[in-house]
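Peer 1: One-letter residues, chain by chain:
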Amino acid sequence: MERSLMKGNEALAEAAMRAGCKCFFGYPITPQTEISAYLAKKMASAGGLFLQAESEVAAINMVLGAASTGTRVMTSSSSPGISLKSEGISYIAGSDLPCVIINVQRGGPGLGGIQPSQADYWQATKGLGHGDFHVLVFAPASVQEMVDMVVRAFDKADEYRMPAMILADGLLGQMMEPVTFPEIKDNAPEKPWATNGHKNKREHNIINSLYLKPDVLENSVVERFERYKKIEETETDAECYLCDDADIVVCAFGATARVAKSAVNHAREKGIKAGLFRPKTLWPFPVKEINEASKNAKVLLSVEMSMGQMVDDIKLAINCSKPVEFYGRTGGVIPKPTEILAEIEKLGGVK
Amino acid sequence: MAKITVNFERCKGCGLCTTACPKKIVEIQKEKRNPKGYFTAVCVNNEACIGCAMCAMMCPDCAIVVEK
Amino acid sequence: MAVVFERPHALCDVPLHYCPGCTHGIIHRLVCEVIDEMGIEGDTIGICPVGCSVMAYDYFNCDMIEAPHGRAPAVATGVKRAKPDSFVFTYQGDGDLAAIGTAETVHAATRGENIVVIFVNNTTYGMTGGQMAPTTLPGQITQTTPYGRDPKIQGYPVRVCEMLSTLSGTALAQRVSVDSVPHIREAKKAIRKAFENQKEKRGFSIVEVLSTCPTNWGLSPIEALDRLREEMIPYYPLGVYKDITAKEGE
Chain F
52 MERSLMKGNE ALAEAAMRAG CKCFFGYPIT PQTEISAYLA KKMASAGGLF LQAESEVAAI
112 NMVLGAASTG TRVMTSSSSP GISLKSEGIS YIAGSDLPCV IINVQRGGPG LGGIQPSQAD
172 YWQATKGLGH GDFHVLVFAP ASVQEMVDMV VRAFDKADEY RMPAMILADG LLGQMMEPVT
232 FPEIKDNAPE KPWATNGHKN KREHNIINSL YLKPDVLENS VVERFERYKK IEETETDAEC
292 YLCDDADIVV CAFGATARVA KSAVNHAREK GIKAGLFRPK TLWPFPVKEI NEASKNAKVL
352 LSVEMSMGQM VDDIKLAINC SKPVEFYGRT GGVIPKPTEI LAEIEKLGGV K
Chain A
48 MAKITVNFER CKGCGLCTTA CPKKIVEIQK EKRNPKGYFT AVCVNNEACI GCAMCAMMCP
108 DCAIVVEK
Chain X
-10 MAVVFERPHA LCDVPLHYCP GCTHGIIHRL VCEVIDEMGI EGDTIGICPV GCSVMAYDYF
50 NCDMIEAPHG RAPAVATGVK RAKPDSFVFT YQGDGDLAAI GTAETVHAAT RGENIVVIFV
110 NNTTYGMTGG QMAPTTLPGQ ITQTTPYGRD PKIQGYPVRV CEMLSTLSGT ALAQRVSVDS
170 VPHIREAKKA IRKAFENQKE KRGFSIVEVL STCPTNWGLS PIEALDRLRE EMIPYYPLGV
230 YKDITAKEGE
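Chains as they are written, first to last, in the working numbering: chain F, 52 to 402; chain A, 48 to 115; chain X, -10 to 239.
Accuracy of the hints is not assured; some may be wrong.
Heads up, simulated DSSO-like pairs for lysine-lysine below, C-alpha to C-alpha not over 27 Å straight-line [to be verified]: (1) F/373 - F/397; (2) F/397 - F/387; (3) A/115 - X/178; (4) F/264 - A/83; (5) X/188 - X/178; (6) X/178 - A/70; (7) X/190 - F/252; (8) F/250 - X/190; (9) X/236 - F/252; (10) F/387 - F/281; (11) X/190 - F/93; (12) F/92 - X/190; (13) F/366 - F/346; (14) F/264 - F/207.
Keep in mind the hints are simulated off the structure, nothing from the lab.
Please model the entire structure based on the sequences and the hints provided.
Peer 2: In structure tokens:
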């Protein structure tokens, strides 16, 4: 397929349709609204459904309903809207339903701002609702990855019967880049658990997250965590750039990683052995990969558009075996390559 | 010729059936509790039953089968 | 002799967990009788949110979904939009539908979602032990209105059928009761009409069923029926508030 120049949000929406997404339920919020607008225009003619809900709460519960029937379904929002969806996400996870959730992050807390942010890292990877559960979290860093990762998110959500999130940000959502789309392909597996009418051919199916007996609830959670363990072993993904001989490994995800890569290149030009480690999956965090990437490093530097959230996971991943420093901007401020370079220089023995 | 059969295990003895019977022949017996501890409904005069099923329609536990 | 009355197939053959005399069981059975009579069990998906009926997924033989508190109309929307040929119903209590789920209820109705909503109104939160509901009557004593509901403090009850009948997407809004056999027959007719509306793609149908909660009202099951008749029906009059199939002058 030919390459086209597209906005990140619109490319993601097109890719979702190509991945077999048949229902989309949204609610307007900046800076993700292009996803809804694109699907409102295209879904019906492609045999799918676009519906604007009365709230983010309703939208995520419509997702729960459509997912229960075995249909590939997606919703998208931005930070404050994701907080509203967290109730439904917990129920979806507790009911073992697959779906895809997009968070085009903006600054917070509260109403915050509408400029790019990564301050929902903790929320996405650790606290997307009440109870013991995880969602798959993918972190694209280009418009092409917005496309590739949403396709993967649908496949993996179905494979593991769990929600998958694309944790993007306002920068990726709004920027335009050339992109190549995959062929239209719905890899959805058979879903014998779906509540789509038993047609008098099987027992009734029940989609449910209620278990009043503690041992039964514990068993259902433990079973889910066994699945998570397998995911942690097999589904991690990361990009390592100039890490092999790096003294300083800069760690960044999403749009920040693009800025950090420039800073790493500048550092190399100045003779500082810097590299970039970019997780593409945030849950599961690429533990093996970061240990491999930083094996020769003296220090790691996490750069984030937040006050420092992923930095905790880096410390845990390497078991605090090396110093892990942090540099971040928040509130919608994007760090400049020169700022990151200055941090690298501070750590790189440039006195 | 008609009869009702009350499911002894399922009846909770709420007595709603007794309010519905036009012949006033359904009562809550006070002699034998079921395994859940409830005294259950019985038809006290099988001869008088007309099989109208009003007791069964009023039963919240679907514990009455009616034959006619 | 032949069996003239027995459990409908759509109602699972298991004991119900409801308190003695709670009329939930009657309403479950009526829904199941309609499902049986229309022969739609294999195409029906039921949705029960939080409340006394949260475990109703174990009682209906059709496919079932448990929804978050108040969200059943949104979940039903997702199901129906994904599978337009299925029959979708929600089964919701008053706290669920008229307090926490008000937005989902109103918007499902105004969109004309082609679903059936069975709304069980017993003027209390039963599952949590009898607190004030949006439908609790003025003066009614509950755990959270120990001196009786005072409209000056807690406001007034919501009359759901009256409210939803003003919306263009509503096809049927009818209030019924299950306090007596004649009323039970009426209730079943209303539920049948609601499912027929869905079959004919007429839009949103709500059947509000006045129901009892002997346990939390502190009354015997038979006294509870009396209270329903004497106190609830005057405040919540039975009848058809909207029916788009009704002919002029009817």
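Peer 1: Indicate, hint by hint, whether the structure satisfies it.
Peer 2: Against the structure, the hints come out as follows:
This hinted pair checks out: residue 373 of chain F and residue 397 of chain F have alpha carbons roughly 16 Å apart, not beyond 27 Å. Distance restraint check for residue 397 of chain F and residue 387 of chain F: the Cα-Cα separation of roughly 16 Å lies within the 27 Å cut-off, and the hinted pair is therefore satisfied. Among the hinted pairs, residue 115 of chain A with residue 178 of chain X is consistent with the structure: their alpha-carbon atoms are about 24 Å apart, no more than 27 Å. In summary, the hint linking residue 264 of chain F to residue 83 of chain A is supported, as the alpha carbons are separated by about 20 Å, within the 27 Å threshold.
For the given pair, residue 188 of chain X sits about 15 Å from residue 178 of chain X by alpha-carbon distance, which is consistent with the 27 Å threshold. The suggested pairing of residue 178 of chain X with residue 70 of chain A holds, with an alpha-carbon distance near 26 Å, which does not exceed 27 Å. Our distance criterion of 27 Å between C-alpha atoms is met by residue 190 of chain X and residue 252 of chain F, whose separation comes to about 26 Å. Distance check on the hinted pair: residue 250 of chain F and residue 190 of chain X sit about 20 Å apart at the alpha-carbon level, within 27 Å; holds.
Under the criterion of a C-alpha separation no larger than 27 Å, the hint pairing residue 236 of chain X with residue 252 of chain F is inconsistent with the structure, at around 40 Å. Proposed proximity of residue 387 of chain F and residue 281 of chain F is contradicted: the alpha carbons are some 38 Å apart, above 27 Å. Pair hint residue 190 of chain X plus residue 93 of chain F holds up; C-alpha atoms about 25 Å apart against a cutoff of 27 Å. Proposed proximity of residue 92 of chain F and residue 190 of chain X is supported: the alpha carbons are some 25 Å apart, at most 27 Å.
Among the hinted pairs, residue 366 of chain F with residue 346 of chain F is consistent with the structure: their alpha-carbon atoms are about 14 Å apart, no more than 27 Å. Distance hint between residue 264 of chain F and residue 207 of chain F is unfulfilled; the C-alpha atoms sit about 30 Å from each other, more than 27 Å.
Consistency with the previously given hints fails for numbers 9, 10 and 14, ordered from lowest to highest.
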